[in-house]
Amino acid sequence: MTRSNRILTFLFLLGLALFVWWGDKHSDQFVFLWRVLNFGAIYALAAVGYTVINGITGQFSLGPHGFMLLGGYLTTLFMLPMHQKKVVWLFTPLSWPFNQFTLPYSGFILALIAGGILAVLASLVVGIPALRALRGDYLAIATFGFGEILYVLACNFMGLTNGAMGVKGIPRYTNLAWSVGALAVLTYAAVRLKNSSYGRALRAIREDELAAESMGINVFRHKLLAFMFSAFCAGVAGGLMATLIGTITPDLFRFFMTFYLLMIIVLGGLGSISGAVVAGFIFAAIFEALRFVDTAVVPGMRMVVFAVLLILVMLFFRRGLFGREEFTWDWLWHGAKRAWRWAWAKMS
Amino acid sequence: MGENELILSLQSLTMKFGGLVAVRDFSMDIRYGELVGLIGPNGAGKTTIFNMITGHYPPTEGQVIFAGRDITGLPPWQVVRLGIARTFQNIRLCREMTALENVLISFHPRLRSSVFAAILPSPRYIREERRMRERGMELLSAVGLEKWANFRAGALPYGLQRRVEIARALATQPKLLLLDEPAAGMNPQEAQDLMGFIRHIRETFNLTVFLIEHVMQVVMGICPRIRVIDFGVSIAEGTPEEIRNNPKVIEAYLGEEALRA
Amino acid sequence: MATYLQQLLNGVTLGSLYALIAIGYTMVYGILRLINFAHGDVVMWAGYWVFFLVVLFRLPWWLGALCAVVLTALMGVTIERVAYRPLREAPRISLLITAIGVSFLLENLIIVLPWAGGRQKSYPTPGLMTQIYTVGSVRVQGVTIWVPLIAAACLLGLIFLVYRTKVGRAMRAIATDIETTALMGADINRVISYTFLVGSALAAVGGILWGCRYPRLQWDLGIMPGWRAFTAAVIGGIGNIVGAMLGGFLLGLAEILIVAFLPGLSGFRDAFIFAILIFFLLFRPTGILGKPMKEKV
Ligand SMILES: Nc1ncnc2c1ncn2[C@@H]1O[C@H](COP(=O)(O)OP(=O)(O)OP(=O)(O)O)[C@@H](O)[C@H]1O
Ligand SMILES: [Mg+2]
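Chains as they are written, first to last, in this note's numbering: chain A, 1 to 348; chain B, 1 to 261; chain C, 1 to 297.
Read the hints as simulated data drawn from the structure, not as lab findings.
Misleading hints may appear alongside valid ones.
Computed footprint of chain B on chain A, listed as stretches where at least three residues anywhere in the stretch have a Cβ under 8 angstroms from a Cβ of chain B [as the list claims (entries may be wrong)]:
1) 54-63
2) 95-104
3) 314-321
Quick list of the computed label-pair ranges, beta carbon to beta carbon [to be verified]:
4) B:Val233 <-> A:Pro129: 38 to 48 angstroms
5) C:Glu89 <-> B:Asn90: 11 to 21 angstroms
6) C:Pro91 <-> A:Pro129: 45 to 55 angstroms
7) C:Arg33 <-> A:Arg132: 13 to 23 angstroms
8) B:Arg225 <-> C:Glu89: 23 to 33 angstroms
9) B:Ser141 <-> A:Ser4: 44 to 54 angstroms
10) A:Ser4 <-> C:Pro91: 30 to 40 angstroms
11) A:Leu124 <-> C:Met224: 19 to 29 angstroms
12) A:Tyr188 <-> B:Val233: 37 to 47 angstroms
Since we're looking at a predicted model, the values are computed, not measured.
No residue lacks a Cβ here, since even glycine has one placed at the ideal position from N, Cα and C.
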């Protein structure tokens, strides 16, 4: 990174911080936009993690909805006020230890991190056997199955989840500061990871697992590393989503959530972190913009559109927006120069 | 370690795939510093022997002893770390990565910084990364590839890809280098150059080299000792001169000529 | 005693439905190495075709069902032609992603379609299926008898097709080694189309009979039967046609027995299915019949 790029990055982050501060302050004037940006940041966050395992490491997981579910519920259990806990768990008592305490707003960050850590633990449960033995579509099916099992458990463990009825009245702590902040931190981590020696190992595994192993890479441990990272992102994203919407049900984190994330990383370019971020926001914008079609015109239309879009991208535009490349200032600089020259040539 | 001590000892290796016996009761000893050739017609089981040494196939029977230690059944990544590196018959580079990155992959197992240190990044990680790059460039220079360091490996011409693959193997700091038909797909002149190159790296890096070749003439020039297998069975061993005149070898290769014709 | 027999028959009925659906998964996997995510939704569509033709267009049931089989089979062929074929040379994961897209499309099309959408519909079940037969002390519904019989007929037909006809031979050849078969001049595309035709037709029979057994239609009705059938295919060794039938029957029986005798666990039924699936993928990926393979280096 050159000096001027550093300055640009600093200015960008400063601008972002100012925008977030301003946006949260005036959130009631731009309800729709504020909502889109929050959802966009949360989707982008989960997608960044997802592309680390699916795109960069090339290990096809279909389980992020399960990790989001875990993060969502744990954050909820930590943050739900005591009186609300009594109201929600009226018939089946809430299990220990969550019936004993609740965290104040200052503990929100702990709750989010705890959600991420729970997801990481779950990723070990499924990842240790599955990443060792399976790859390709078998790995996809095993992780998918794990997500479905979590869904069934969430529906049945009334004492922790209140079953299919879900939990209402979660304090809506998520705002742009939290969602964009978490996105920024974890995106930084993902980019660093990708460009580090560990990231080279992950990319080598995607390209030729056997060759990587023959160069001394412990393939299994590196896959697990990527999987844990993606689970952490998903867990935090789940927690943010629950505290953005204010309610949580097992149905919120069913397979369609993974389908959304898959759309996002495919659209952004499998393996591109910048692509995942950009496409996350684009997806949220389209998703919210088409909401009226779903509620006013034909329910389900939105999903038809997305499904067709996914198929079309796969058939005709497989490299997505970014391919495997990343956004860099140099890339922008070159692009701008080229555009400028082109415009100059047109004018004269 | 004395000159005559064994670096590798293969003891009655057998590999069965279902009903097919790809290698039967194969034994061989290699001393430190040797340059040994393994030849045989198509499908004789040469690559399978390498795969048993490197842990890609656990042998059905028999032992692999490396530097006095039984390494039979260890996974490939552990075998490499003990000091056996290999190249593949059908070059297996990470094609989307640069030549330098391919070499850097081999340094990764020796990285001391944790993944958190790499993400931050900590000063120690930054030092380590810089050091890795320097050493990667040194290694590429040693094999004459410094100009190509930042080219995508898949875009390089075939002969250079071979060299990148060898450089990548050298970066694991091996004591024993296994080369699987390095001259495949080259014309006689290129093959001769490659053999000179192999001799050169063997001296520079103080290696023991075990080399598979399909075309007899290529190894004759550089390997003082050659082993021949056919249909998974060892049929001859000796100097190039002895091999050339061995009736069994002639027959095995004639059989192949006949098949080709 | 009568309950046991009753449950056994229920298990066989369910098992034959799984077997019919599992064939499609296993044949496609055997040839394209693709887990056809959309297969369960093809099953669901078969039920809806019957609904459209019999309830909306007032065709006689048998004709409606027959047309439904044809339409569903064509649908399977079209899906392959449009969404899978262009990706045959692409990484297999691209194919899986597309299949997931197709699955969501099929499900949501049903929600969107004006005559089908939203609310649950009731399936037109012919009288034959609901009639009660009494044999001694055992009373059985028509479905319990007819479903296994029809399924058995279809499966026998399939075995004949695969092992005794030219197309079947080509299918098996492609499943073993697609490149060599192509070199030998077989028309790969045609054989793959046939595979989808046959697999989807059997899925259609499965879906139509499924409707007779559980007569309510909804967009998500194919998902779980699909996964159970897929599990059955894995149990039997994916790619193995006889194995898929065997797996289907085993799974159907096991499921009925668990639900009948351990009703407390029925809420966890789907979790069990996926646990079995994961267990097999991890520890017995080639199923109970298959033999292990080694990747060539
Ligand atoms: N994974 C495997 N599964 C089944 N058979 C195998 C496998 N690997 C190798 N074989 C068989 O073992 C035999 C020996 O193969 P091998 O690759 O060792 O021969 P080779 O001497 O290297 O031949 P070539 O000169 O063609 O490289 C061949 O018949 C091959 O088909
Ligand atoms: Mg070979």
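query: Is it true that B:Arg225 and C:Glu89 lie within 23 to 33 angstroms of each other by Cβ?
result: Between B:Arg225 and C:Glu89, where Cβ atoms are some 45 angstroms apart, the hint is violated.
message: Given the hint of 13 to 23 angstroms, is the C-beta distance from C:Arg33 to A:Arg132 inside that range or not?
response: Taking Cβ atoms as reference, C:Arg33 and A:Arg132 lie about 21 angstroms apart, which means the hint holds.
Pairwise beta carbon distance, B:Val233 to A:Pro129, judged against the given window 38 to 48 angstroms: holds, 40 angstroms
query: Is the gap between the beta carbons of C:Pro91 and A:Pro129 within 45 to 55 angstroms?
result: Given a distance of about 24 angstroms, which is not inside 45 to 55 angstroms, the answer is violated.
message: If I claimed the Cβ atoms of A:Leu124 and C:Met224 lie 19 to 29 angstroms apart, would that claim hold in this structure?
response: Given range 19 to 29 angstroms: holds, Cβ gap about 28 angstroms.
message: A range of 11 to 21 angstroms was offered for this pair. Does it hold for the Cβ distance of C:Glu89 and B:Asn90?
response: Taking Cβ atoms as reference, C:Glu89 and B:Asn90 lie about 19 angstroms apart, which means the hint holds.
task: Starting from the hint 30 to 40 angstroms, judge whether the C-beta atoms of A:Ser4 and C:Pro91 obey it.
output: holds, 39 angstroms
task: Can you take a look at whether the region 314-321 of chain A is actually covered by chain B? Rule is 3+ residues, C-beta closer than 8 angstroms.
output: violated (count 0)
query: Quick one: are A:Tyr188 and B:Val233 within 37 to 47 angstroms, going by C-beta?
result: violated, 59 angstroms
query: Counting residues of the region 54-63 of chain A that have a beta-carbon nearer than 8 angstroms to any beta-carbon of chain B, does the count reach 3?
result: violated (count 0)
task: Starting from the hint 44 to 54 angstroms, judge whether the C-beta atoms of B:Ser141 and A:Ser4 obey it.
output: violated, 31 angstroms
message: Just to make sure I understand the rule, a stretch counts as covered if three or more of its residues have a C-beta closer than 8 angstroms to a C-beta of the chain. Does the region 95-104 of chain A meet that for chain B?
response: Since 0 is below three, the answer is violated.
Against the hints set out earlier in the document, violations occur for numbers 1, 2, 3, 6, 8, 9 and 12.
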